[in-house]
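Q: One-letter residues, chain by chain:
Number of protein chains: 4
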Amino acid sequence: MDKLKVSLLGATGMVGQKMVRILSKHPYIELTKVSGSPPKVGKKYAESVKWVEPGEIPEEVAEMRMSSTDPNDHKDSDFVLSALPNEVAEEVELKMVKEGLKVVSNASPFRMDEDVPLINPELNWNHLELLKHQGKRKGWKGLMVKNPNCTSAIMAMAMKPVLDAVEHGRIHVTTLQSVSGAGYSGLSFMAMVDNVIPYIKGEEDKVHRESEKMLGTLEDGKVKRRSLDMEVTTVRVPVRVGHMGIITVETKAEVDIEEVKRTLRDFRSFPQHHNLPTAPKAPIILREEEDRPQPAKDLGVDDMAVYVGRIRYSGRALRLIALGNNLVRGAAGITVLTLEVMREMGLA
Amino acid sequence: MDKLKVSLLGATGMVGQKMVRILSKHPYIELTKVSGSPPKVGKKYAESVKWVEPGEIPEEVAEMRMSSTDPNDHKDSDFVLSALPNEVAEEVELKMVKEGLKVVSNASPFRMDEDVPLINPELNWNHLELLKHQGKRKGWKGLMVKNPNCTSAIMAMAMKPVLDAVEHGRIHVTTLQSVSGAGYSGLSFMAMVDNVIPYIKGEEDKVHRESEKMLGTLEDGKVKRRSLDMEVTTVRVPVRVGHMGIITVETKAEVDIEEVKRTLRDFRSFPQHHNLPTAPKAPIILREEEDRPQPAKDLGVDDMAVYVGRIRYSGRALRLIALGNNLVRGAAGITVLTLEVMREMGLA
Amino acid sequence: MDKLKVSLLGATGMVGQKMVRILSKHPYIELTKVSGSPPKVGKKYAESVKWVEPGEIPEEVAEMRMSSTDPNDHKDSDFVLSALPNEVAEEVELKMVKEGLKVVSNASPFRMDEDVPLINPELNWNHLELLKHQGKRKGWKGLMVKNPNCTSAIMAMAMKPVLDAVEHGRIHVTTLQSVSGAGYSGLSFMAMVDNVIPYIKGEEDKVHRESEKMLGTLEDGKVKRRSLDMEVTTVRVPVRVGHMGIITVETKAEVDIEEVKRTLRDFRSFPQHHNLPTAPKAPIILREEEDRPQPAKDLGVDDMAVYVGRIRYSGRALRLIALGNNLVRGAAGITVLTLEVMREMGLA
Amino acid sequence: MDKLKVSLLGATGMVGQKMVRILSKHPYIELTKVSGSPPKVGKKYAESVKWVEPGEIPEEVAEMRMSSTDPNDHKDSDFVLSALPNEVAEEVELKMVKEGLKVVSNASPFRMDEDVPLINPELNWNHLELLKHQGKRKGWKGLMVKNPNCTSAIMAMAMKPVLDAVEHGRIHVTTLQSVSGAGYSGLSFMAMVDNVIPYIKGEEDKVHRESEKMLGTLEDGKVKRRSLDMEVTTVRVPVRVGHMGIITVETKAEVDIEEVKRTLRDFRSFPQHHNLPTAPKAPIILREEEDRPQPAKDLGVDDMAVYVGRIRYSGRALRLIALGNNLVRGAAGITVLTLEVMREMGLA
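Chains as they are written, first to last, in full-length UniProt numbering: chain A, 1 to 348; chain B, 1 to 348; chain C, 1 to 348; chain D, 1 to 348.
If you are wondering where the hints come from, they were derived from the structure by calculation, not from laboratory data.
It is possible that some hints are incorrect.
Identical copies carry no separate label here, and so any pair may be met within one copy or between two of them.
[As the list claims (entries may be wrong)] In silico lysine-lysine, BS3-like type, Cα no more than 30 Å apart, as pairs:
| id | residue 1 | residue 2 |
| --- | --- | --- |
| 1 | K261 | K50 |
| 2 | K261 | K43 |
| 3 | K281 | K44 |
| 4 | K261 | K201 |
| 5 | K281 | K50 |
| 6 | K206 | K252 |
| 7 | K261 | K206 |
| 8 | K95 | K141 |
| 9 | K281 | K25 |
| 10 | K201 | K50 |
| 11 | K201 | K43 |
| 12 | K40 | K141 |
| 13 | K44 | K261 |
| 14 | K222 | K95 |
| 15 | K98 | K132 |
| 16 | K44 | K201 |
| 17 | K206 | K136 |
Throw the hints in and build the complete structure from the sequences for me.
A: Shown next as structure tokens:
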């Protein structure tokens with residue numbers, strides 16, 4: 001099988017570095033270009049990056065010269081993966097797809113565009129069908145696929161099997177989000193240590209609307225969003241990595257909690273059925289211990305999985321706690337997995 | 001006005017130390033005895049305590065000799081304040097009240113006993129009327145008054161004015177609780193730093209049931225609990241001091257959010273009307289900033305107040321975030337304030 | 001006594017806020033102007049500052065309109081206190097003194113200028129005599145007084161009584177410095193939590209050279225620096241406030257450790273003899289416990305004092321550990337205390 | 001090659017768990033018995049341990065039944081590895097060696113016994129020769145080998161090549177030690193977060209004396225300790241894993257700093273020459289960046305190596321900063337590596 005050659009935009013950020021790490025060991029995706037902001041262009045990657053990933057920079061990447069974000073610099077790449085900051089992503093990515101490049105992006109612009117698939121592979125890989133019409137509808141020569149916000153990615157994974165299985169009313173979500181979600185330099189030590197900040201700008205709305213899109217159904221070449229009566233509160237806690245969600249689903253009829261657990265534990269989808277390299281063995285791992293999941297104990301091993309625990313049911317309220325690695329399941333890993341799905345579907 | 005002489009049980013613990021500090025500056029309550037576990041009896045307080053309060057031990061207390069928990073050692077005290085650990089409190093306090101001592105306690109045993117008032121002064125000072133019948137019903141020569149669990153104390157303060165003002169359905173509470181709530185040595189650095197533990201043994205039930213009792217009404221010499229449809233999830237976060245609650249109240253009719261804010265802001269009660277020394281000026285302080293309350297910014301000044309922010313209303317869900325100092329409003333301060341109320345009511 | 005009217009430059013930074021707090025309760029120094037960078041000029045202080053000090057902004061300051069750093073804006077002020085960032089301080093302060101203003105500054109430029117006194121009040125208040133010649137030598141109409149770097153201020157306080165008392169050789173200093181020393185936003189949570197960074201740009205040299213100047217002697221209207229054979233390593237640790245130093249002084253003859261302790265404990269100077277309002281009762285507080293000083297236990301009470309512990313002597317190496325509040329003793333407090341000394345000396 | 005069967009004492013502690021992890025992937029050491037304190041005997045390992053290692057318990061160990069510490073329970077084991085707490089190690093290990101068992105131990109008792117080799121494999125593997133005489137001198141049927149204290153292990157590794165290469169005088173060591181060095185539950189969150197504790201009981205003396213023994217030479221079947229003029233201060237910092245040392249070596253003549261760097265970088269020893277499975281490729285890794293080594297950046301990859309940076313030389317003081325993983329290089333890994341050396345030498 002020929003290797004897929006990919007460019008990486010935003011390669012020096014924390015999520016970009018995580019993608020560099022994941023791709024350095026990839027069986028068939030080969031990172032051939034890294035790009036960054038103008039002052040970095042032409043320099044070696046090793047000299048452009050403030051490397052924060054554990055371990056050294058993969059040798060073959062360390063020596064690469066930084067490309068620009070000009071589409072012409074990426075004509076040789078089969079795909080362009082984007083870990084661009086949201087502020088610059090819109091303009092750069094749009095130029096790319098207009099010029100014929102194929103972009104799979106973790107940045108927020110276009111996520112809610114109805115012609116752009118918003119992919120969390122296990123949940124809605126089939127939404128990639130939107131791509132059949134995207135070029136014509138948008139007048140794009142290339143194509144664009146988006147991944148959800150890190151919190152949306154993790155919470156939607158834990159919610160979908162449940163919401164598919166039970167007739168439900170309102171959903172209450174309170175998240176405890178790690179500091180890496182704000183970027184490596186997003187929050188100062190002084191502001192965050194020994195503190196809780198009960199507000200993350202724009203996040204609550206994203207979790208709600210992106211979940212509605214990801215859990216939507218494909219009808220007549222369009223994604224029909226699933227209307228969810230959801231109230232979300234997002235809170236920052238002094239933890240490095242790992243977003244947790246306290247989720248309550250009001251059910252309309254009695255549900256069998258053991259049945260719910262089975263549904264979560266047995267959930268498998270396209271990435272598992274096709275044994276994709278970056279797919280978790282099981283997308284949802286149930287923790288039966290009363291005090292799990294915990295970032296310090298559950299993360300660091302299979303970081304593409306979402307950990308779910310404390311499943312309780314009373315008063316027609318189904319409650320659970322979900323946890324995922326926001327940098328891997330919520331960002332770098334999901335982008336790579338999306339490309340793997342596309343290749344498997346013959347879209348790459 | 002004569003000073004009230006009080007003994008302090010559990011004087012060497014973290015909450016006990018906080019009481020020592022509060023009482024050291026008290027206008028009319030005088031700490032005359034400190035007691036601890038058998039190996040400490042007879043030693044100086046300064047030699048018995050692993051002092052963790054900021055600043056030095058108040059001089060007059062440092063030199064006191066530790067008393068036992070034998071009731072006979074406390075016959076000269078007008079009151080006995082208790083910061084005993086829950087495990088030993090039941091036996092010690094019971095012996096005390098049987099022997100005629102008057103106990104105001106922060107420990108959990110007897111909190112849900114229907115003859116024992118569970119006092120959060122601003123909310124239910126009038127429940128102290130139970131004391132009229134307590135002796136006869138229990139066969140106690142002394143009397144016993146309880147304070148709520150630290151989380152219950154703070155959450156109930158934020159909820160009561162709202163629940164009194166609006167017709168409501170289910171209440172959802174997710175708490176983010178500080179490590180001091182588990183005692184000074186309750187959680188190791190290794191277990192808690194850079195981590196979130198989504199479980200606190202027994203806590204969820206306490207918040208629910210104690211709230212029902214504190215918000216109950218006095219009828220025919222008894223407290224009729226207020227039935228609350230409440231679901232609670234309690235989570236430990238890596239913060240030293242300060243318990244936060246994310247509270248959602250489902251309302252039955254539309255409410256005016258400005259009216260709710262006014263209700264919270266204007267809430268005053270017995271301790272304020274009588275200018276009690278340990279009472280906060282306003283029991284609830286509203287923060288209008290979008291990212292408040294925060295432990296690092298709101299605590300440390302008036303720690304008897306509860307801070308409330310992020311008041312939102314949509315879909316008939318009234319949402320707010322409450323924060324209080326668990327060692328002061330949730331423990332040491334509330335005990336002292338309760339005794340001040342009792343004196344003001346002529347019960348002390 | 002008439003109040004001294006002072007302007008505060010850099011009033012919105014973390015050290016500036018600490019000065020606002022200290023001055024808000026000052027008996028005879030009155031903060032009349034606050035200034036900040038151009039975009040803030042004309043706005044209310046409360047709207048210009050990201051307030052991080054515990055408690056609310058003092059009311060009288062909250063409503064002040066921000067001034068510029070133009071000397072003309074400060075003609076009515078008796079003194080200008082400066083908490084400016086180092087990058088802008090040189091130009092602004094120079095313009096001020098040329099225009100006749102009297103500046104007492106915490107910023108680093110000019111600290112090593114031989115005509116500018118570098119004052120740590122208890123150690124070298126008499127160096128203020130340099131001011132007699134400063135105007136003539138520099139051609140300044142106003143005057144300029146500097147305070148040392150936060151680490152230098154604390155370490156020099158602990159060292160001076162010892163170095164004055166014993167004949168010594170090399171001095172070894174390893175510092176463990178808190179994150180606030182880098183400014184409120186100077187270090188990210190991700191970079192610093194659960195980490196130690198064994199390097200602080202420029203700091204090691206500052207501690208050495210500033211100590212030599214502060215411990216120098218006044219001869220013929222000049223400060224003769226004291227040559228110190230000192231090796232310094234400065235390390236950043238994940239602590240909010242408090243700089244610690246592990247200090248070893250090689251002595252040339254045997255010293256009596258009890259004598260050293262007495263020297264430290266009994267050290268008093270001009271600010272104590274004159275009972276200045278911001279002076280610590282004793283500038284050095286000895287901790288005899290084997291595990292002190294500690295930021296969590298020693299700071300927060302008398303933050304103008306330096307805490308010294310673990311005094312040991314063997315092999316002609318005198319060892320001790322010093323700790324001080326870098327924002328108070330190391331910055332805001334020392335500036336205010338310097339002004340108090342100047343007034344007492346008739347220089348203000 | 002036949003597998004070595006080993007028992008593990010203290011298997012449920014944090015260091016014991018780390019050994020379980022290391023051995024679970026070992027090519028020729030097979031963990032066949034795990035033992036713990038009396039209440040655990042007979043239970044499954046998975047039920048006896050509070051597992052804190054990342055990832056799940058290795059399956060084959062999870063199901064093992066806990067053995068006692070009675071020597072008879074370990075007669076089938078080729079070796080007994082010990083991660084016992086110091087308090088119980090002396091009695092248990094002594095009984096074992098008297099009964100003929102071969103013990104390699106990380107616990108402190110017997111470390112300074114002149115007949116017991118104290119092995120840090122790269123530094124003094126040849127001290128294992130002591131074993132030739134141990135049985136006769138001690139009257140032991142088995143044998144006992146010790147590993148150094150975690151701090152000693154790391155600091156001695158960084159110091160030995162330097163001390164061998166340059167003529168030196170006094171050595172100054174200040175350590176910044178992580179919390180895991182005190183055991184998983186050794187320090188509470190409240191005591192340690194946002195704090196520095198400048199004292200670790202007994203540690204300073206251990207670092208000094210154990211270094212003297214490890215760096216000693218073998219003469220006439222005995223280890224002649226190397227006399228080191230060393231002053232040590234050990235400090236606890238709020239970091240999970242990683243002990244750092246600020247080391248200054250006073251040299252007697254001028255040294256070439258590039259030569260020193262080369263010496264450190266090129267250092268290799270028995271474990272490297274024999275390609276032992278647990279040996280680091282290079283025992284010392286030089287970091288040339290000005291702000292390294294750092295626990296957050298250097299640990300987690302090759303945790304058997306010691307990282308050294310900030311090498312400076314002036315005034316005949318050679319200064320460097322060393323960092324190592326106290327649980328791996330300082331404890332579990334060194335024990336396993338010692339056994340590998342023994343096997344390679346034909347002692348196992």
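Q: Between copies, within a copy, both or neither: which fits K44 and K261 at Cα up to 30 Å?
A: between (49 Å within a copy, 26 Å between copies)
Q: One pair to classify: K261 and K43, alpha carbons no more than 30 Å apart. Within, between, both, or neither?
A: between (51 Å within a copy, 28 Å between copies)
Q: Treating 30 Å as the Cα threshold, decide for K261 and K50: within, between, both or neither.
A: between (43 Å within a copy, 25 Å between copies)
Q: With identical chains, the pair K201 and K43 could be close in the same copy or across copies; at 30 Å between alpha carbons, which is it: within, between, both, or neither?
A: Between. Shortest inter-copy distance 25 Å satisfies the 30 Å Cα cut-off; intra-copy 34 Å does not.
Q: At most 30 Å between C-alpha atoms: does K281 with K50 qualify within a copy, between copies, both, or neither?
A: between (32 Å within a copy, 26 Å between copies)
Q: Within a copy, between copies, both or neither: which one fits K222 and K95 at a CA-CA cutoff of 30 Å?
A: within (24 Å within a copy, 66 Å between copies)
Q: Is it within, between, both, or neither for K95 and K141, if the alpha carbons may be no more than 30 Å apart?
A: Only inside one copy: K95 and K141 sit 10 Å apart there, 60 Å across copies, limit 30 Å.
Q: When no copy is specified for K98 and K132, does a C-alpha distance of 30 Å or less occur within a copy, between copies, both, or neither?
A: So K98 and K132 pass the 30 Å test inside one copy only (16 Å; across, 72 Å).
Q: Between copies, within a copy, both or neither: which fits K261 and K206 at Cα up to 30 Å?
A: For K261 and K206, the Cα distance is within 30 Å both inside one copy (27 Å) and across copies (27 Å).
Q: Give the relationship of K40 and K141 under a CA distance limit of 30 Å: within one copy only, between copies only, both, or neither.
A: Within one copy only: 28 Å inside a chain, 47 Å across chains, cut-off 30 Å.
Q: Check K281 against K44 for me: Cα-Cα at most 30 Å, and say if that holds within a copy, between copies, both or neither.
A: between (36 Å within a copy, 27 Å between copies)
Q: Using 30 Å as the alpha-carbon threshold, which applies to K261 and K201: within, between, both, or neither?
A: between (33 Å within a copy, 22 Å between copies)
Checked against the numbered hints above, the structure breaks none of them.
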